[in-house]
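Visitor: Just so you know, the sequences run in chain order A and B. Residues 1 to 281 in our numbering are what the first sequence lists, from first letter to last. Residues 1 to 520 in our numbering are what the second sequence lists, from first letter to last.
Honestly, the hints are just simulated from the structure, not real lab data. The model shown is predicted, which means the values in this text are computed figures rather than measured ones. Take the hints with a grain of salt, since some may be wrong.
What the hints assert, rightly or not - List time: in silico DSS-like cross-link candidates among lysine-lysine, alpha-carbon distance up to 27 Å: (1) B:LYS407 to A:LYS53; (2) A:LYS53 to B:LYS436; (3) B:LYS24 to A:LYS34; (4) B:LYS121 to A:LYS72; (5) B:LYS243 to A:LYS89; (6) B:LYS447 to B:LYS436; (7) B:LYS150 to A:LYS219; (8) A:LYS89 to B:LYS436; (9) A:LYS32 to B:LYS414; (10) A:LYS195 to B:LYS407.
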Amino acid sequence: MIKIVVDSSCDLPDEYFKEKDIKVIPLYFKVKDKFYRDGVDIKSEEFVELLKKEKNITTSQPPIQDFINVYKDIIEKGDEIISIHITSKSSGTFNSAKIAKEEINTDKIDVLDSENISVGYGFVVKNIIDLIENGIPKKEILSKFNKIVSKVQLFFTLNTLEYVYKGGRVNDVKGLVLNILDIKPILHMKEAIPKIYKIVRGRNNSIKELNRIVTENIKDTKGNFELAFVHLDAKKELEELKNSILSKVNPKNHFTKIVGNALGVHSGPGALGVSINYLEE
Amino acid sequence: MDSLDKDFLINFFYLGLKEVERRKEDINKLNVFPVPDGDTGTNMLMTLQTSWEEIKKIEPKKIGDVIEAITKGSLMGARGNSGVIMSQIFKGMNTVLKDKESITPKEFALSLIEGVSKAYKAVIRPVEGTILTVSKSFAKSFYEETKNEKNFEEAYFNALKDAKETLKKTPEMLSVLKEAGVVDAGGLGFLIFMEGGFKTITKKEVEMEKIEIHEAKLYQKLTYPYDVVVLLKTDCDEQNIVKDFNLNGDSLIVGKEENLIKVHFHTDDFIKVIDYFSDKGTLIKVNIENMQYEVDQLSLKEKDIGFISVSRGEGFNKILKSIGVDEIVDGGQTFNPSTKDILDAIEKINSKNVIIFPNNSNVIFSALQTKELTQKKVEVIPTKSIPECISSLSMVDRNLSIDDMVKDLENIIKNVRTIEVTKSIRDTKFNGASIKKGDYISIYDDKIFNSKESPEDAAIINLKNLEIEDGTLITIYYGEEIEEKRALEFKDKLIEIFPNCDIEVYYGGQPLYYYIISLE
Chain A
1 MIKIVVDSSC
11 DLPDEYFKEK
21 DIKVIPLYFK
31 VKDKFYRDGV
41 DIKSEEFVEL
51 LKKEKNITTS
61 QPPIQDFINV
71 YKDIIEKGDE
81 IISIHITSKS
91 SGTFNSAKIA
101 KEEINTDKID
111 VLDSENISVG
121 YGFVVKNIID
131 LIENGIPKKE
141 ILSKFNKIVS
151 KVQLFFTLNT
161 LEYVYKGGRV
171 NDVKGLVLNI
181 LDIKPILHMK
191 EAIPKIYKIV
201 RGRNNSIKEL
211 NRIVTENIKD
221 TKGNFELAFV
231 HLDAKKELEE
241 LKNSILSKVN
251 PKNHFTKIVG
261 NALGVHSGPG
271 ALGVSINYLE
281 E
Chain B
1 MDSLDKDFLI
11 NFFYLGLKEV
21 ERRKEDINKL
31 NVFPVPDGDT
41 GTNMLMTLQT
51 SWEEIKKIEP
61 KKIGDVIEAI
71 TKGSLMGARG
81 NSGVIMSQIF
91 KGMNTVLKDK
101 ESITPKEFAL
111 SLIEGVSKAY
121 KAVIRPVEGT
131 ILTVSKSFAK
141 SFYEETKNEK
151 NFEEAYFNAL
161 KDAKETLKKT
171 PEMLSVLKEA
181 GVVDAGGLGF
191 LIFMEGGFKT
201 ITKKEVEMEK
211 IEIHEAKLYQ
221 KLTYPYDVVV
231 LLKTDCDEQN
241 IVKDFNLNGD
251 SLIVGKEENL
261 IKVHFHTDDF
271 IKVIDYFSDK
281 GTLIKVNIEN
291 MQYEVDQLSL
301 KEKDIGFISV
311 SRGEGFNKIL
321 KSIGVDEIVD
331 GGQTFNPSTK
341 DILDAIEKIN
351 SKNVIIFPNN
361 SNVIFSALQT
371 KELTQKKVEV
381 IPTKSIPECI
391 SSLSMVDRNL
401 SIDDMVKDLE
411 NIIKNVRTIE
421 VTKSIRDTKF
431 NGASIKKGDY
441 ISIYDDKIFN
451 SKESPEDAAI
461 INLKNLEIED
471 GTLITIYYGE
481 EIEEKRALEF
491 KDKLIEIFPN
501 CDIEVYYGGQ
511 PLYYYIISLE
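Just chain B, with the same shape it has in the complex:
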């Protein structure tokens, strides 16, 4: 019969700790529950380290002294939920082992059972699919095996195998794990610790089946979300150009194409990156992609309600997609989509309920017609402009039922005013004002304001004519004919005129309209 003494437990604990230290990052990567802050491995390691400090302080005479030190240290150092749970497992073990000189494997297993039961009691709301489940599985299986008088090594090995199977099943028990495509981090941490300890028991190298670690698909976890590609003309060569480049980020690749240098980099601050390279030569082209956005899209769950928006303009389409529009139907003022176009979009969406934003008074009717042509439940929000769709959809509570959501959306659009700025295509008279072909005109509701000067001028005349409360959010969406610089100058001008408003500028990319401006 094996007899486990104080030296066994010291070695066991040390090797377990070392293994957790070695694979800390594996554990961190999985951390999604209860708080996805990626620190389970770190917390667990720190908990074990304070226990180790306590062990070093004592001169143990029996195995009970060692477990007592481990318990004391872990109570002092326990960090994070998994750390607290580990400390409670040790504590439970301590109640069984504290007076023992040395123990049998069966007693070791029994103490683990007691430890796990202590841990369950210590947690206010125990959740299955966590370190609790995995440690319970290990303890139970280990105890069963030792009861059958198997040899220690074999019993322990089988318990590890069983616990590993349980760990694999954790996503089935806890849906957040499944969504993120991971097994439980705390459970893995426990197993890694026990695997480390196993080296004390077995002398031979044992092939343990490796658990595949997939990093949790957490969209808030991209440290460097922007993928930046800079093309520049410069006399520098590849090495020299990044000689003193020390910005935060990763995946730096520098290549030479004829007399141009191409740099690829992942960063959280693309402005700094562009600043750096603009000092090194002439910028030819800069391409920035937000990888975060793509990850966000992937992690969106299958929806109860699908959203369709009619839109025209590259910028608008991007914004609409980013706020959760599933299908965009191409169309606008001079190009109304047909009922069939909208119907196709409805059928394409993978949800039984669909909400349509026509974004133009001429499209509302075609949208309404689709209701009778599909099996799906279709609701039409009578939006007359794209900003009405953007505002209402970005602000509505996504947890509502379709009927309540429709009510909310209709309420929100009442608070949105939209101004459209374009050019007159013919001579006309309107409310006494005579408008010449080629005049810049700004349209709000049924009023038109004109300017011979510029689209910005027409918009300003229009805005000054409206009652704008302090604190109003003015959003400028500039069209395909307007350059960003010009739009930003326009913004500065509006800040001067309306100093107490929030003013935002986005690229809408719409044809025909220089600006579409919303007030809310």
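With the rest of the complex left out, here is chain A:
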């Protein structure tokens, strides 16, 4: 049997993780030399409070040993592994997973780069699971992987640029002006890194624009798509955005999720995102 391993920057519904028995390896974040495991050591509400209070939070990939432990466990039970991770251009997680695989020295593990984050990464994982459940052989899934990755789009906007500046993982925002003129970029995942898609001023404008971009992008899909909505500390705004989008388009499925801790350190409170998963005709 093939087991799926992901890291905690993969955002999918909690029930889904349980139902599909997906193993989640937590990323870490550090506040004043104290390490927290993403999604394990702290509740989301407490995390948001911490995020607002603490100026210097950094994140790091899981230690190699964390992967080794999970991998060994699965393999000893006779199963195989597809381990899918956050884009390797923004995090060393994928690299550590690869090292762990070599450490175990087995051909039972395939480590893949989702080239995405959050719910975008989530959809990549879901697409793989769908293929497995449809009885597609692993070899064929792996050969199709690039195509699967290219089927997922993620757009998001931030309410403050402070966190993404401090985090230093989105080079594209360096040219933007901080804390003045109410600048709100709309970002998307392009060539596996977050890039500025459009810059607007004003929170309302940015949400409207996000709405427009998503609707525009799915207008030719004939309904063959799924949506995922994601937020951090912006529940009400996300509900409004979601209701507005769903009144105009009709996805096959959709789900809503709160951004995980490690990504939240970089997005800051108020982040809103929508991912589109284009399905095969």
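Once you have looked at the hints, place chain B on chain A.
Guide: Just chain B, lined up with the frame of chain A:
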């Protein structure tokens, strides 16, 4: 021939770890690649510490046992990219050394070569100018030296020297390092570890050439960006006034000038600072400077495209500078700059392509004329107000070519509406309305709205007359005659009238116009 046994490696590792611990902050300060989050030193130290914990757990019989424990620990504890790379170096060494009782310096060097090669293979996209390059340089040089049968101490010392030279060259290999004016943090960390270990080899104090550490010029790294100076009249003396002052920040200086107290402080929250001191006496003067802004300006790269904006008003000028305008040409409604003024600005800018924002319909023509008078490629965006320039320039993608950027800028300004609020200087009739000298008038496009009451009133009449969609961003720039408090009250009033809009207030400092308001 030297023989290196298990105790050698334990001591070597311990002294290396201690040295990294001692100079952790030096390493952190340099961290810009791949992620500038200033934690390379911390991550490296934590990686080494878990290895040390493993060493303490075992009772080693041979040097192979020690390297095995180091490898195991570092795999468990590896944090950050440099930590992962260190763990792979140890792992490579382990494959060579694990069965050895004791080793020669040459074998030690060989194991390092194997370690570095392992590290290169473990990284998906190996980048030169990092810890990889520095460790490779060390291993190669050390191996060459031991092959020549030099004594251990000398060979190791020469390898350290070579690796240090390589470290100095890292900015040439990796442009982000050069921009930030630093050498690679991971590379320095590796060297510090190896320098620490060297103390096991040599008994005498060896003068190593010191590597100068310049903190990375990263503009997002100012923890306390605001420089606040508060002057207050109070009965407190210098000591008592800051007795229970416990806000986050640094550089606190308190001085007394006659009966006044002057306090200087760097903070991330100047409001709290002002609140604190306003309880202690009468505030006379507060000066706040955003040091972040200055650092930002320094770190801006030489531009492909230069920007010129015509503007009048201290606040506007500041905003324009902050969004990347290179030259400001003084001018406005009653004071149009000449073609020569604009031309001078064009020549002053250090870039071959220049985009001009005239910000007034009367200036567009003079700006266009400069095109024929300069060798540079000049484009004029037909902006009729400063907010059009602010909006378009702050939102445009800076990576575009000049032609594409011009198209984008022209598109964005179509979505900006500007209202100007001033006072009528004579009696006049306009579209049937009669306007008296001294009336407050609000102008939008070719429409004028007047009020005898106040400039705010005229603006509100005007705004109510426009179609304003929910979610519109209304930005108020208040002029030199308006006090901040009044502008903020005006904002509150607008929030009541347009509850579904975003409303922002900035100081424009423009003469003649009480308010310039933009809608987008």
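Visitor: Taken at face value, is the distance from the CA of LYS436 (chain B) to the CA of LYS89 (chain A) at most 27 Å?
Guide: violated, 65 Å
Visitor: Straight-line Cα separation of LYS447 (chain B) and LYS436 (chain B) no greater than 27 Å?
Guide: Judged against 27 Å, a Cα distance of about 16 Å means the pair holds.
Visitor: Please work out if LYS150 (chain B) and LYS219 (chain A) have their alpha carbons no farther apart than 27 Å.
Guide: violated, 73 Å
Visitor: Could you grab the alpha-carbon distance between LYS195 (chain A) and LYS407 (chain B) and see if it respects the 27 Å cut-off?
Guide: Roughly 21 Å between the alpha carbons, so the hint for LYS195 (chain A) and LYS407 (chain B) holds.
Visitor: Does LYS53 (chain A) sit within 27 Å of LYS407 (chain B), going by the straight-line distance between their CA atoms?
Guide: violated, 42 Å
Visitor: Is LYS32 (chain A) close enough to LYS414 (chain B), meaning Cα to Cα at most 27 Å?
Guide: Not OK: LYS32 (chain A) and LYS414 (chain B) at ~48 Å, beyond 27 Å, violated.
Visitor: Holds or violated: LYS24 (chain B) and LYS34 (chain A), Cα atoms, limit 27 Å.
Guide: holds, 17 Å
Visitor: Is the hinted pair LYS53 (chain A) and LYS436 (chain B) satisfied, with a Cα-Cα distance of at most 27 Å?
Guide: At roughly 55 Å apart (the allowed maximum being 27 Å), LYS436 (chain B) and LYS53 (chain A) break the hint.
Visitor: Are the Cα atoms of LYS121 (chain B) and LYS72 (chain A) separated by 27 Å or less?
Guide: Within the cut-off at roughly 22 Å; holds.
Visitor: Would the hint linking LYS243 (chain B) and LYS89 (chain A) be met if the CA-CA limit is 27 Å?
Guide: Distance of about 49 Å is beyond 27 Å: violated.
The earlier numbered hints that this structure contradicts are 1, 2, 5, 7, 8 and 9.
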